[in-house]
Every structure is written in structure tokens, then in C-alpha cells.
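Asks: Sequence:
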Amino acid sequence: MSIDDLPEGGCARIVSISALVPELAAKLREIGFCEGDDVQLLTRGPLGAQPLAVRLNRRVIAMRRDEARAVEVHQ
1 MSIDDLPEGG
11 CARIVSISAL
21 VPELAAKLRE
31 IGFCEGDDVQ
41 LLTRGPLGAQ
51 PLAVRLNRRV
61 IAMRRDEARA
71 VEVHQ
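Sequential numbering of the sequence shown, starting at 1, is according to my numbering.
None of these hints come from the bench; they were simulated from the model. Accuracy of the hints is not assured; some may be wrong.
[Claimed, not checked] Have a look at the derived ranges for each label pair, beta carbon to beta carbon: (1) G45 - C11: 16 to 22 Å; (2) R13 - A53: 16 to 22 Å; (3) E23 - A62: 16 to 22 Å; (4) S16 - P46: 26 to 32 Å; (5) L42 - P22: 24 to 30 Å; (6) A53 - Q75: 15 to 21 Å; (7) H74 - L20: 16 to 22 Å; (8) L47 - P22: 30 to 36 Å.
We put the beta carbon where it would ideally sit given N, CA and C, even for glycine.
Model the full structure from these sequences, guided by the hints.
Replies: Structural data, given as C-alpha cells:
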């Protein structure tokens, strides 16, 4: 399950960050995504599209769907 699979308002813990695209994984780690952190999907863009608003460590971050799909979570 990824952040993109969470329902709006859903919370989960990060279990891994996909290494399929190393540059994307590095970018996500740079902005604060780490295994073991809790995330919450706050809202999606118009008609369920992008961007997604995610709460991470008391910050709100806007993400594209491909970025959200790279973060594996467990509820």
C-alpha cells in the first residue's frame, strides 16, 4: 500500500521508499520522508487528482501521485 492508496484523512506508518527511481527516493528523503515516520493523507486535488496534501512530522507537503506511490506505508 502506498500513500496514494490511503483514504482522505487516513494515517499510516512509512515502511519503505521505493528505490526503482533513485533520484525520486533521494528527493523524498531530502524533504523528510523516512522509514518509521507517520504520515496522513489530508486531501487530494480536484476530482481526486493531484496534488495530494500530506502531513509529515507536523508539516504539510504537496506531492504528485507518482511521488506518493513511491512511499510504501502500513496502516
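Asks: Run every hint past the structure and note whether it holds.
Replies: Hints and how they fare:
Judged by the Cβ atoms, the range 16 to 22 Å given for G45 and C11 holds: they are separated by roughly 20 Å. Between R13 and A53 the CB atoms are about 19 Å apart, so this pair conforms to the stated range of 16 to 22 Å. Checked against the hint of 16 to 22 Å, the C-beta distance between E23 and A62 comes to roughly 19 Å, which is consistent with it. The given range of 26 to 32 Å is respected by S16 and P46, whose C-beta atoms sit roughly 30 Å from each other.
Our hint of 24 to 30 Å for L42 and P22 holds, since their Cβ atoms are close to 28 Å apart. For the hinted restraint 15 to 21 Å between A53 and Q75, the CB-CB distance of approximately 18 Å keeps it satisfied. With their beta carbons about 19 Å apart, H74 and L20 fall inside the hinted range of 16 to 22 Å. Range check, L47 to P22: about 32 Å between beta-carbon atoms, so the 30 to 36 Å window is met.
In this structure, every one of the numbered hints holds.
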